[in-house]
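K.L.:
Here is how the chains run, residue by residue.
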Amino acid sequence: MDVCKKYLAENILSEDKVVTYRLLSRALHVHVNTAKQMLYDFYKSQNDRRPGAVHATYLVYGVQKGAGISRSWKSSADGDVEMASSLPEVDPIDDPVSTYTLSLVQEDRLEAALADFESVSSIHVYSVGPNPVKDFSLLADVAQEVFGLRNDDDPKTSATIRNRRVVRKERPADVAPPARQDLQKPALPKSAPAAAAAKVKEEIKPTKPLDSEKTAAPSSQAKNPTPALKRGGSSGIMHAFSKAKVKKAETSQPATLSGDEVQQALSDDGEDDDDEDLPLPKPRGIFGRKTKKEVDEELREMMEKDDDEDEKVDSAEEEAEEVEEPMEDAPEPEQPPVKEEPAEVVTTSGDGRRRGKRRIMRKKQIMDDQGYLVTIQEPGWESFSEDEAPPVAKAKPVVSAAASSAPAAKAKKSGPKGSQGSQGSQGSIMSFFSKK
Amino acid sequence: MVTLDKVLNRGLLQKPSDATAEDSLERSESNYKPLHSFVLSKDRQYQQQFADIYFLRLTKIKPAVEEIASAAWEGTVIGGEAAKRVDRVLDVRQGEPSWVTGTVYMDMHHKPNILEDVAKDRWISASSSVEHYFAEDGTDSVTLEDDSGRIHLVGDALKSFFMVTGCIVAVLGTENANGEFDVIDVKFADLPPQPERWALSKAAPNGTKIETKSSKIKDEDVEMADSPSSKNGSKIAIVSGLEFSGVDTSYSMELNLLLEYLLGEALDSTTQEELSHISRLIIAGNSIGPESKTVADTSDKTSHKKYGYDSRAYDPIPSQLLDEFLSELLPTMPITLLPGVLDPANTSYPQQPIHAAMFPKSKRYVALPGALEAGWLDTVTNPWDGELEGWKVLGTGGQNLDDVFKYVDSDDRLGMMEAMCRWRCSAPTAPDTLWTYPFQEDEPFVLKECPHLYFVGCQPKFGTKVIEGLDGQMVRLITVPSFSATRELVLVDSETLDVSRIKITTT
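Protein sequences, first through last, are from chains A and B.
Straight run, no breaks: the first sequence in UniProt numbering ends on number 436.
Straight run, no breaks: the second sequence in UniProt numbering ends on number 507.
One or more of the hints may lead you astray.
[Said to hold, decoys possible] Heads up, simulated PhoX-like pairs for lysine-lysine below, C-alpha to C-alpha not over 20 Å straight-line: (1) K448(B) to K62(B); (2) K65(A) to K503(B); (3) K17(A) to K6(A); (4) K44(A) to K6(B); (5) K169(A) to K361(B); (6) K5(A) to K44(A); (7) K44(A) to K17(A); (8) K159(B) to K406(B); (9) K448(B) to K60(B); (10) K15(B) to K5(A); (11) K17(A) to K134(A); (12) K461(B) to K33(B); (13) K44(A) to K15(B); (14) K6(B) to K65(A); (15) K33(B) to K202(B); (16) K406(B) to K461(B); (17) K62(B) to K84(B); (18) K6(A) to K15(B); (19) K503(B) to K461(B); (20) K6(A) to K44(A); (21) K5(A) to K17(A).
[Unchecked claim] Computed footprint of chain B on chain A; a stretch qualifies when at least three of its residues, placed anywhere within it, have a C-beta under 8 Å from a C-beta of chain B: (22) 8 to 14; (23) 32 to 45; (24) 53 to 64; (25) 109 to 118; (26) 139 to 145.
The hints are simulated quantities; they were obtained by calculation from the structure and are not laboratory data.
Note that the Cβ used here is the ideal one computed from N, Cα and C, for glycine as well.
Bound conformation, chain A alone (with noise of 0.2 Å):
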């Protein structure tokens, strides 16, 4: 009882939010009926206490005056002229339909709508806020909050009815969800090393609220560092690749900004998921609360992700043709930029910039004989010009970037990492914080 009251003084009447009785059953583990009339108790002491403390809505089921038996196909009927059958006219049975309605009703209103109910069968609290509910989408929220603490586990609060018939398969397409689960899980170790760097600017700019940062770095700092360390250590072969990662970074930058945001909401439902029991922070709704633009640009990156495999698939074929691998036996294939690494003619090398031509494979698409287009990839010269020698040059862009602003960095870094998930590329960003 004292933990009910606690938290609906809590949220209530401090965190001025809404509590519906789904939403305290979900959140304290008891039945939906118990939570009903724990919201009544609340709702009563409180405003024993202070008139108007706090606002209740109310359910209320039962039959409407007038509304209770109607003959609606009569009514229906009204304005036909021509009757539709020429057979005997079977005298229609009286056909009464018995009508309930569900109210939802404002607490100032409920006696008005009570006088117009006939009968009432059932009446309880729906939620107490600290206002009057003004706007019943705002309920609708609330709603779509507990669709996200659901807990099948949970005998209380599964289902009010249980159907033990359920057909339930878990089909080999059930893969899928995990598959997901991957695709987010990739973006727990990344978002360590960015609330890493993010602790380390700190420490240089210790005044910046950032809020979110910092709340995730205790937590994902704790458990991650060793791997990413040991990780980064091990893929040693990975610190030939990370000079090209850097470089895929910087072409697909504009793309990667716009992931920034989707990529944070990934991480932020990873978390949520993590702490499901906690009662406050809630997780938002999966959906319903994202605004369109975040799921565009999440669809757009979706779209990304599938070209970069594209280009992989097409890579992986060049590599065939490759004579010249150095690294023929390692495990990635996958990785696209590999071939420039042997064609690359340095010219010069004064001032410390690294200024010269690579092969690289173009794209090009055409239209052939026959109408279709067709895309062929045909060797081509890039000239380029880095800082340094490789390894350093291939540190430096993202210090810099780090040290512009740490979120920007991880953007950069979360584009093509969400989009290679799970291929492994993973560990050229763990060298890079190895190396720090």
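Got chain A sorted already, so can you dock chain B onto it with the hints?
P.N.:
Just chain B, lined up with the frame of chain A:
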């Protein structure tokens, strides 16, 4: 009249007592046997002509109509001459009283006309937006045709019947000097034979059968639970037009209340016990709201060319909301989902089931392709027929009735449903004005058996009535209102087929 004092400090409006041992309620069983009358084969062709549909329909229904007509008109004397039966429309002779059977064709002013489209070089087919096909000035004409030819029908007798393209009728009268057939009387096939209850699925005699594990695995239909509620009878909930929308959230709270009501979380324990008898939910079309025009902005079509999925052209939120709704409800209740005109299914009748891929969360409840058992979430065709609690049920998402409605100057939608039953055709206006797959082998819209329950979804308002046939058939007709407009839900008693409705309001 209920006052506040009466309800205070009772039930849930009191302190929570610590000793509330809440029993978990058990949902009533749903006895369900879907038929697959309207499923199209996956490798269907669209090359064939539509004429076969009319031919098949006429062949199937004509014998029944002629039987009725012979019984009624045999030996009828008109103007001193006995009326004869004429086999073909072209065999009607001027001045001779006769009766003939054929397909009605309505020529109406506002009816979409393919020839007109071709003449105006209009090839983009958009469904017609006119409210009514008929013209007020009486320029419309009715013709009767069969495989031999057609004849114009005139006469006041026609006005006392609903007439739409595609229904099969017998007309009694004479051909006048203008070559028109002056109609005195009209006959339909009337209701087809009605199967007994439990014709396909096995009845559930109260507790006589002991449930065993093996029987459960072998045959879900036969499986019987000796639930104590079977005496009271369970209820079937029918709702349509949920129209989940990413833009219009004006009724999102009502949708939530609907969910809580069906889940049995709302209200007190007595009512929850009642609600546990709702054994199945049927969603009769339009689960997804109309797409918002703002999303698909076509202004910069040329400047930005994108292949594959374009996120701006499609709003995924409505289907996500629907998925969420279904996945909340499915653990406690089986659901039958019919597509409607707004849903992501094919446009032409019969609409094929909404693909399970639309429901990432709920698809675990969908039967595997090729499975014999119906899925817990059964996405079905529109129209759909099957057996529910032993009753033969026919349901549609509303397009068939909406199209008939455009032909007739009347608001009596139940009357039109009745007429469709008496014509023995659930979609008479297909393929004329209702887009249809060009059937060749079979005409599935012809009612071979009379349903016990016939519901049509996505209608402007609720209505129900019972009609009776000549052989004592009884059909319960229901027009299910759109939830988005009326916030109403229909409950059908599985024993008596009595109907009650639930209104959900917020004030």
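K.L.:
Could you run down the list of hints and mark each one as holding or not?
P.N.:
Quick rundown of the hints versus the structure:
For the hint pairing K448(B) with K62(B), the CA-to-CA distance comes to about 13 Å; that is within 20 Å, so the pair holds. Proposed proximity of K65(A) and K503(B) is supported: the alpha carbons are some 13 Å apart, at most 20 Å. Of the supplied pair hints, the one linking K17(A) and K6(A) holds, its CA atoms being roughly 14 Å apart against a limit of 20 Å. A threshold of 20 Å between alpha carbons decides the hint, and for K44(A) with K6(B) the separation of about 17 Å falls inside it, so the pair holds.
Distance check on the hinted pair: K169(A) and K361(B) sit about 12 Å apart at the alpha-carbon level, within 20 Å; holds. Restraint check for K5(A) and K44(A): the C-alpha separation of about 12 Å stays at or below 20 Å, so the hint holds. For a cut-off of 20 Å, the pair hint linking K44(A) to K17(A) stands: about 18 Å separates their Cα positions. Restraint check for K159(B) and K406(B): satisfied, since their Cα atoms lie roughly 16 Å apart, inside the 20 Å limit.
Taking the CA atoms of K448(B) and K60(B), the gap is near 9 Å; set against the 20 Å cutoff, the hint holds. For the hint pairing K15(B) with K5(A), the CA-to-CA distance comes to about 12 Å; that is within 20 Å, so the pair holds. A hinted pair counts as satisfied when its Cα atoms are at most 20 Å apart, and K17(A) with K134(A) qualifies at roughly 14 Å. Distance restraint check for K461(B) and K33(B): the Cα-Cα separation of roughly 28 Å exceeds the 20 Å cut-off, and the hinted pair is therefore not satisfied.
Restraint check: the Cα-Cα separation between K44(A) and K15(B) comes to about 9 Å, which is no more than 20 Å; the hinted pair holds. Under the criterion of a C-alpha separation no larger than 20 Å, the hint pairing K6(B) with K65(A) is consistent with the structure, at around 17 Å. Simply put, K33(B) and K202(B) have alpha-carbon atoms about 10 Å apart, close enough for the 20 Å limit, and the pair holds. For the given pair, K406(B) sits about 16 Å from K461(B) by alpha-carbon distance, which is consistent with the 20 Å threshold.
Proximity of K62(B) to K84(B) is assessed by CA-CA distance (about 17 Å); at most 20 Å being required, the pair is judged to hold. Proximity of K6(A) to K15(B) is assessed by CA-CA distance (about 16 Å); at most 20 Å being required, the pair is judged to hold. Distance hint between K503(B) and K461(B) is fulfilled; the C-alpha atoms sit about 12 Å from each other, no more than 20 Å. The suggested pairing of K6(A) with K44(A) holds, with an alpha-carbon distance near 15 Å, which does not exceed 20 Å.
Between K5(A) and K17(A) the alpha-carbon distance is near 14 Å, which keeps this suggested pair within the 20 Å criterion. Here's how the segment 8 to 14 of chain A fares: 0 of its residues keep a CB closer than 8 Å to some CB of chain B, so the rule of at least three is not met and the hint is violated. For the segment 32 to 45 of chain A, the stated coverage by chain B is satisfied: 8 residues place a CB nearer than 8 Å to a CB of that chain, which reaches the threshold of 3. Given a C-beta distance limit of less than 8 Å, the hint that chain B covers the segment 53 to 64 of chain A holds, as 4 residues qualify and 3 suffice.
With a threshold of 8 Å between beta carbons, the proposed coverage of the segment 109 to 118 of chain A by chain B holds, since 8 of its residues qualify and at least three are required. Under a criterion of three residues with beta carbons nearer than 8 Å to beta carbons of chain B, the stated coverage of the segment 139 to 145 of chain A is upheld, 3 such residues being counted.
The earlier numbered hints that this structure contradicts are 12, 22.
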